[in-house]
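Engineer: Top to bottom, those sequences are chains H and G.
The letter at position 175 of the first sequence is residue 175 when you use full-length UniProt numbering, and the numbering goes up by one with no holes.
The letter at position 119 of the second sequence is residue 119 when you use full-length UniProt numbering, and the numbering goes up by one with no holes.
Honestly, the hints are just simulated from the structure, not real lab data.
Any given hint could turn out to be false.
Which copy? The list can't say, so a pair holds if one copy fits it or any two copies do.
[Stated by the list, open to error] Quick list of in silico lysine to aspartate or glutamate cross-link-like pairs, EDC-like style, CA-CA up to 20 Å:
hint: 1; residue 1: K138; residue 2: D71
hint: 2; residue 1: K65; residue 2: E82
hint: 3; residue 1: K75; residue 2: E184
hint: 4; residue 1: K75; residue 2: E201
As the structure is a computational prediction, the values presented were derived from the model and not from experiment.
2 protein chains.
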Amino acid sequence: MSTDNTETTGRRRGRRPAGQDTRTALVEAARAVFAENGYEGSTVRAIAARAGVDAAMVNHWFGSKEGLFADAVLKLPFSPLELLEELRQGPDEELGQRIVRAFLTRWDGAGGDTFQALIRSVTGHEQAGTVLRDFFQKFFTKLIAALGSDQVDLRTTLAASQIIGMGMIRYVAKFEPLASTEIETMVVAVAPNVQRYLTGELGL
Amino acid sequence: MSTDNTETTGRRRGRRPAGQDTRTALVEAARAVFAENGYEGSTVRAIAARAGVDAAMVNHWFGSKEGLFADAVLKLPFSPLELLEELRQGPDEELGQRIVRAFLTRWDGAGGDTFQALIRSVTGHEQAGTVLRDFFQKFFTKLIAALGSDQVDLRTTLAASQIIGMGMIRYVAKFEPLASTEIETMVVAVAPNVQRYLTGELGL
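Just chain H, with the same shape it has in the complex (with noise of 0.2 Å):
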């Protein structure tokens, strides 16, 4: 995220910090309203709406309806807009390599336990994984169109498949050498594999 949590604003004795609990309200009215409505039913207006809070506070402390998204729902350790400006940066037949060094250089910044808690929300509830189904969808097929490649939801589910494939057994199920092997190995490892489901031939 762009804003940390540190919050001065506002602090008195024996009462929380005003934006704290502006910020706190926002989750938990995102969690609502996102499971309520999915991703894309879901419009910023309403969540402040039910947090009882200006819109704008969105912006403040979330950057965007996918800042908020990220943190209140799906607990990327990252803001999606950002890593998506990043991995546009560079040669199409390194995006592979790009995406697969950056999910592990975040989740392992996170310490892992990020992935293993998005995954859990995922399948205790149905909703979250309606929820992260739109969001993941959204964010690949906006990588994948831009190559020009066909077949752009099929190559979209199947680059998914390896990067939460490539989660589970780092964070989750934790099999060796997987588990602790340095992130530029997998990247030499993985990346072709991801580059084929977005760019390759793939036989269909």
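Given the coordinates of chain H, work out where chain G should sit on it, guided by the hints.
Structural biologist: Positioned in the frame of chain H, the structure of chain G alone reads:
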């Protein structure tokens, strides 16, 4: 499983069938013993003793320790030993195809809930992760070691990442079109990636 749940022996009015009691006791004992000692550290003898039945009952009801594990902990809709035998039939360069086809056929046949139950048990309990790791690692290691490939351990975990990721997308997150794509289409799209992990150049 090679045996079904039908059991009439010992059925009397007002009394649950003795066979089913034995089976249920074994499943409960297995869950406890596997959770305490992991897959490798648990013996058929110890599980049978905990259930208060003869060790021969494990073979009668579950075929083997692996079968009991699959039924009691992993909820795999197949006998791992039978699957291993089936996967060994055919050319090495088509093993990736056979693996993708075999897992999807079995998980699809079980309705997909089975995979979800497996993932839930892994994310909910640290010990189940250990148990799943031991099991999958052993299963894929047997297959890959027989191919004469280098880096068997790394290849094992890479292959597992793709198989588990495929299951996550198809049965848990349910991303379309992957969630409802025909199995043979999935084989064409995914098998070359699995095959690279089994026998291809990893670049390391």
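Engineer: Now, for every hint given, state plainly whether the structure supports it.
Structural biologist: Verification of the hints:
1. K138 x D71: within (17 Å within a copy, 37 Å between copies)
2. K65 x E82: Result: close within a single copy only, 13 Å intra versus 49 Å inter.
3. K75 x E184: Neither: 24 Å inside a chain and 35 Å across chains, both beyond 20 Å.
4. K75 x E201: neither (34 Å within a copy, 35 Å between copies)
Checked against the numbered hints above, the structure breaks hints 3 and 4 and satisfies the rest.
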